[in-house]
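J.: Protein sequences, first through last, are from chains A and B. Per this note's numbering, the first sequence runs over residues 40 to 232. Per this note's numbering, the second sequence runs over residues 4 to 537.
These are computed hints drawn from the structure, not numbers from a lab. Worth double-checking, as some hints may not be accurate.
Using 30 Å as the maximum straight-line C-alpha spacing, the simulated BS3-like pairs for lysine-lysine come out as follows [unchecked claim]: (1) B/K533 - A/K209; (2) B/K261 - A/K107; (3) A/K209 - B/K536.
One-sided excerpt, in silico: chain A residues whose CB lies under 10 Å from chain B [to be verified]: (4) A58; (5) L66; (6) Q74; (7) I98; (8) A99; (9) M117; (10) E118; (11) V150; (12) K157; (13) Y161; (14) D165; (15) S208.
Even glycine gets a Cβ: it sits at the ideal position worked out from N, Cα and C.
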Amino acid sequence: MKKDIILAGVGGQGILSIAACIGLAALAENLFLKQAEVHGMSQRGGAVQSHLRIASDPIASDLIPEGKADLIISVEPMESLRYLPMLHRNGWIISSMNPFVNIPDYPQVEVVLDEIWKQNRYITLDADAIAKECGSVKSANIVVLGAASPFLDLKYETLQNAVMQLFASKGDDIVELNLKALQAGKEYALKHS
Amino acid sequence: MLGDEAIAQAAIDAGVSGVYAYPGTPSTEIMEYVQVSDQAKELQIRSLWSANEKTAMETALGMSYAGKRAMVCMKHVGLNVAADAFINSAITGANGGLVVIAADDPSMHSSQNEQDSRFYGKFALLPILEPGNQQEAYDMTYYAFNLSEQLRLPVLLRITTRLAHSRSGVEVKPLRAQNTLQLPGNLRQYVLLPAIARKQYKALLGKQDAMEIEAEQSGFNQYFEGENKRMGLVVCGLAYNYVMENYPDRKCPYPIFKIGQYPVPRQMMNRLYEECDSILVLEDGYPIVEELLRGMLDKGKLIRGRMDGALPRDGELNPNLVASALGLPVSVGNPIPGIVRNRPPKLCDGCGHTDAFLALNEAMKKYGKGRVFSDIGCYTLSALPPLESINSCVDMGASITMAVGAADAGLIPAVATIGDSTFTHSGMTSLLDAINNKAPITVLILDNSTTGMTGGQTSSAFGKIEDICKGLGVEEEHLHIIRPLRRYHDENVEIIKKELEYHGVSVIIPRRECIQTLNRRMRQKASARKLAKS
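Just chain B, with the same shape it has in the complex (with noise of 0.2 Å):
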């Protein structure tokens, strides 16, 4: 199973009612395997997609308070989009079972930034789980929604792309019967009316030493064994596989504190601490426990990590990295020869982004290079040569917002292009922004009726766009619908040329089916002919 599933099975063995997620790499999966298990689906698991990953998070909290169990995923930025959400999560509490899973990107495989979700944890002042491998995610999922209940709070697991998007085997726990209807004894404890959040947030507080105890008797924080004390290792989730890894015997000669579970057991770290000489901190993402340790002064033992340059302050850890690290030969191959050249992603062949940008291209010339905001999605892509068409890309439903600000300051016509998808996740509010501006911005929704870059998922938008935008109050003579076809180029070209000198708002919308949608279905009708056939 990938982490990812591992995940989702797991909490499906744990009596989960309900999974919520918007699609976002690498946590995609984590939906994906709960959308097409029989299991699943016998059990009446309910499995859409949300609207945005604050949504998914307040109707896993809706459906806690119900008393049943809930589990929201999303990857890391998304955690940002449900901060609300989850810090205020902590204040009222769980009833049922609610785990949060937030998985981050280290290396930037397919994201923006590689922010860490254990800062949200620690933020929010709730329990922080870290598998290091697809067995522990496993676990650690089964597990979360038991501390879950048993702290009455929420719990965070963190992942990292690594090891949402690897394989092994995993060993499966019995299932367990899913909770009964039943509300909060406290029917005020989600009113978060100052008077009780104060009486809340003093709870919370209360619960900080049972969390640490909790992470000191789980299981999942441990203590191994080392001769050697001149070092001694601190190694949070999967580092510990990549200190293994270069001990073919799997005998580290230092004490190894390796942390599952947050927050971190003083009296674990201080044994380690006391033990060794110096030590070494080992952990993917931010350098978060080597602060702690380091403390603002850093006057203590010889502290190593990646405040100090013993390993990269950015990107992933690998093996080689942790074997220079721990001051062992790191084994190279033949380089790279130079006739190799870079292959990046790019939009796929007879995508219809592409006969949209290339009209907006055209379209644009004569206003010259810098005036499209962009958005999150395939068309990102669009920044890259052959089209080099936009020159944005920063969050969720940014493009319009920021169209409006550059045109507040002058820039017009501003231009902003935005998905779908992307569009009803967080363009909405964007859009009535805009139009309570009277602001002079032309909006391309790209509509591929799919959310394209994580594999084809059901886009919350399908059919509903042009009511949507009606509804906010874009004029109707300023909404169009176009083909993004090569044959309509010409005619593409004159709409948006008129609509880029329109003082206000206007919103035109590319509509052609993602090319991979596309051609899966056909694929699939074909099949099934066949199979109809014999």
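Only chain A is shown next, with the shape it has when bound in the complex (with noise of 0.2 Å):
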């Protein structure tokens, strides 16, 4: 088994909580894990990207190869296209349809989208709309990540131990808001792909 992962989004939207859930998740089913993290300047407000490795055998490169990688898990639709090169032709996009609009010059949302559409293979979700109806929009990287979760090659109890894990020290309200978003995600992933 084998998975390399790109996840995108823009500084501040919590692609490090995804990783950081895959990452526990692959840890508890014994995988071996590589996981390249952006820190420092770019992290205000700019363009953001973490390669996350998975896979049965040890993992040589932190980096995933151009043209590789098996899935795209992005919190913002434009920056799921920034990383299309880095896509392996029968790859996947997951990406949430909110823009997060921080620049004069964003193109128009269904422009952007067309041009998810144009790909391959690729699931979009309202992740916002969904997040609300579970709780709190604050939970949007979860259901993005339970879109993705049907494509990790993961158990979704093994995920769902992992979010557990992540929020505990958050209280009981925020883990079962979050299993409530992991859940939606995976759903809505189900249903449209």
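Build the complex: two chains, separate frames, hints provided.
T.: Here it is, written out as structure tokens:
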């Protein structure tokens, strides 16, 4: 088993939480893991990405080779497109449809979505609306993780445990909220893939 | 663990007594790990931030003098600041194990250059370790303390951003006891008077062979056989992973000399050189090994690498660049659609720096652009639209002294903007120069009460800035503290305008807590309240 994943978003949108969940789940399943993160200046509202690799055999490079990623998981639609050169021809894009507009020349969101829909395989979802239904828009990143969950080759229960572990310090309410968000994202993906 | 965290844990396990550092991407997380480690607390490992990298290096040297193990961590350009202490620490030698971590930033993810710290190690004539993965980062740090105590020399460990900020599983080693207090056998060893320094320098030169033998025997330099001798690979640090990534069965057909410890053992290099028709050198950073191998005249076998275009001269390596240097097909995905716009980093919403620069911009209108020297921190982002306020960012503390020089040249008024932590890092001596020069400059010390860009570490300047300024000789009537908030904008503009007209040193301190640390504090308070209720 081997999954190479590009996580994308804007600094502060919670992609490292997604990475942490997948990482915890992978460790629980005794998989090897490498994850390259972005820290420092680019975190300030800039484009951020993380290379996450999980596999049953030892992994060589911290970076995924171009054109070889199995998945792009993005919490922002335009950011999912920024890493297209990394994606394998048969790879999947799992992206939120909700734009994060903090630049003056952000394109029309319809145009951005059209570009995603031109790709081979994708799931786009209104993660903010789904998260709101679950109780808080703040869990939109976990909704996106849920939508990616059928493509990760990880047991759903281990992902649930990872979410519980990650949010345990924030109290039971927050854990419940994020478990609901995970489930809602997964259901959306199963209906629309 | 992140590569940074592996280094921190290894130091704890190797019996370190003190870790010293100034925050700097990508090295910050080493110290942060020690600071939150329960184990480190229990072991009473000293782990407070230093004012700058030089003071950190000197403090670590002092701990080593007293017989205990010490580690000092910095980003690559921090080693420039610490260079005086670092180079001379090779002459004094070490008593307790002394390990220096320099985190390079090829591709300049968060830096102003991509200098290669291995040059510093060579310059100082010290052993260098260069881990290729998180496990090696751990193992080499653990080993570095032994090596330091064995050779009685500081040891440099060089990492890059990619390793510092990448996570993987790491196996740890048993905890060693810390050293007890023990003065150096020779109490003059650290007195670098010429007569003593000459002796010490000869001793350092005398250890070079032992360093090379150690690099051959430690196991961190490895030779891997390969059937195809048309090419031999010299691979430093992380580059090994990129080679292996290109051979899914992990079988590279070419012989490989994998370098993790310097000075490079000539015998191992010679074997590869003799066995193979040509050599490909793969290293992150500057082509140091490649240059050594080519020599000045480069009249030997065909050598390829960064210097002949087989690989780009700048930027970090990656699996695809290495694939094309190896002559393998390179995979490509779809291109980035034309509609995708750049999203550069910017100051956070609600950041006090924005209000300070809006006021400065307005006050400067009558003088025109090109007069504002700045420094290193979040506020450097004010160079970009929409603010476009500043005209320089060179090195820590340079804003004030560059303004002095420009004013000397007749650019009056000249303005310096510098953050609170950068000010106590390297700006205080600059301000003293300005005062002694009676320079007609206006200095804005942007006080967000933290080291913001690296994530909100304690600032050495906290609560001390006015007293420092007064102590250095800033006149009280030209020292102002303002609140960088929109509602005080007009008032702030007037104060800045007035000081721009003063023909001497003025200091204005726009003071408002970093929005990130403020939000974090509020969140912590809220969750503490929640816990108390339940």
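J.: Minimum Cβ distance from A/L66 to chain B below 10 Å?
T.: For A/L66, the interface hint holds, since the closest Cβ of chain B sits about 7 Å away, which is under 10 Å.
J.: With a cut-off of 10 Å, does the beta carbon of A/K157 approach a beta carbon of chain B closely enough for the hint to hold?
T.: holds (8 Å)
J.: Given A/V150 was flagged as interface, is its beta-carbon under 10 Å from a beta-carbon of chain B?
T.: holds (6 Å)
J.: Going by Cβ atoms only, is A/A58 closer than 10 Å to chain B?
T.: holds (8 Å)
J.: With a cut-off of 10 Å on the beta carbons, see whether A/Q74 makes it to chain B.
T.: holds (4 Å)
J.: With 10 Å as the cut and Cβ atoms as the points, is A/M117 at the interface with chain B?
T.: Cβ of A/M117 sits 6 Å from chain B, so the hint holds.
J.: Take the shortest C-beta to C-beta distance between A/S208 and chain B; is it under 10 Å?
T.: Holds - the Cβ of A/S208 comes within 10 Å of chain B, reaching about 8 Å at its closest.
J.: CA of A/K209 to CA of B/K536, is that 30 Å or under?
T.: Cα-Cα ~14 Å, so holds.
J.: Does A/A99 hold up as a contact with chain B if the rule is Cβ-Cβ below 10 Å?
T.: Holds, because the Cβ-Cβ distance from A/A99 to chain B comes to roughly 4 Å (cut-off 10 Å).
J.: Mind checking the alpha carbons of B/K533 and A/K209 for me, to see if they're no more than 30 Å apart?
T.: holds (10 Å)
J.: Does A/K107 sit within 30 Å of B/K261, going by the straight-line distance between their CA atoms?
T.: holds (26 Å)
J.: Is the interface hint for A/D165 satisfied, with its Cβ closer than 10 Å to some Cβ of chain B?
T.: Violated - the Cβ of A/D165 stays beyond 10 Å from chain B, reaching only about 20 Å at its closest.
Checked against the numbered hints given earlier, the structure breaks hints 13 and 14 and satisfies all the rest.
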